[in-house]
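Could you put together the complete structure from these sequences and hints?
Chains as they are written, first to last, in our numbering: chain A, 1 to 188; chain B, 1 to 188.
No lab work stands behind these hints: they were computed from the structure.
Errors might be hidden in some of the hints.
One side only, chain A facing chain B, incomplete, derived with CB under 7 Å [what the hints assert, rightly or not]:
1) Ser-23
2) Met-48
3) Ile-162
4) Asp-170
5) Met-179
6) Val-188
Glycine is no exception: its CB is placed at the ideal position from the N, C-alpha and C atoms.
So the chains spell out like this:
2 protein chains.
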Amino acid sequence: MSTGARAYMKKMQLSKAFTLMESGPVVLVTTSDGKKDNIMTISWTMVMDFTPMFAITTGPWNYSYAALRKSKECVISIPTFDLLDKVVGVGTCSGADTDKFEKFGLTPVKGKYVRSPLIKECLANIECKVIDIVENHNIVVLEGIVAYIDNSLKEKRTVHAIGDGTFVVDGRKLNRREMMRSKLPEGV
Amino acid sequence: MSTGARAYMKKMQLSKAFTLMESGPVVLVTTSDGKKDNIMTISWTMVMDFTPMFAITTGPWNYSYAALRKSKECVISIPTFDLLDKVVGVGTCSGADTDKFEKFGLTPVKGKYVRSPLIKECLANIECKVIDIVENHNIVVLEGIVAYIDNSLKEKRTVHAIGDGTFVVDGRKLNRREMMRSKLPEGV
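Quick look at the structure:
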């Protein structure tokens, strides 16, 4: 596993990490069961708090779930538009019989606080601890503990799953900061 | 409240309604406390199941929460890009002292199964029942019971909140249906 590669990723102010997730991009979630690393593709996610806290919907139907449950940690990696085919590939095979890092040419990078690897090729990575599992709804509640962003990437557009096999890429940006001033948390 | 306006909205196959939410658009959620209607702007949402089930993060800090909790129902309305200033306006004032339908020129339309109104100007509306409230995480679990879409609208692009007062509009669409075939629920 590469450690030097983390040099590309700059630590991001943790209180701003929710802004990586609020727009609802499709994300990769890495786990480690202590022996091997795995990746799953998830679009059922939600910001729950600015601290940051995130929810993801997953369960025993995902091979990664056992490792997530046991290790109580993971990394949320946020891929850009140009990685879409890898993202779809990761989402349509299983870690049970596939080394997804190898198959899709993704580079695991050692994290600081968790055993699950960051993904070098992604725009951003958030090391997370599992805070709770809401069993009856298959919701895993995560707290982000450190976030990184790779500002050297030219492509910064993320991609959103529609759910029917189509995706939409980030388009035009609009600024409503003045209108929203009263609602923005301090420092954001 | 207008009933005729519902004619613009065509019923959508309920098993496809999750595709309105999976990309993570900012949405309006309407409620009724039996006396008056209200609207809140929410971007902390998640698809939880194809049936469809949705999670939203909200709590007592939102004026709408009391009505949501009491009535156990709401409508998720999905606005398009051209409604952004209304959406931000709705999100930055309170139903405690404002009739938001009146203030922002939005038209309440009588729903079929819930007392909370649909919003005529929105691209889609989903009548929802509150299935559960996960108190310790401020998660409200909703089941969609009927969904409508207004295909007569020219503007169909939704908008995604970044969380820092900026927004991103839907851009280019990409089709990966063939690659994802094995993972798509039947009929989607």
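In rising order, the numbers of the hints this structure does not comply with: The structure conflicts with no hint, since it agrees with every one listed earlier.
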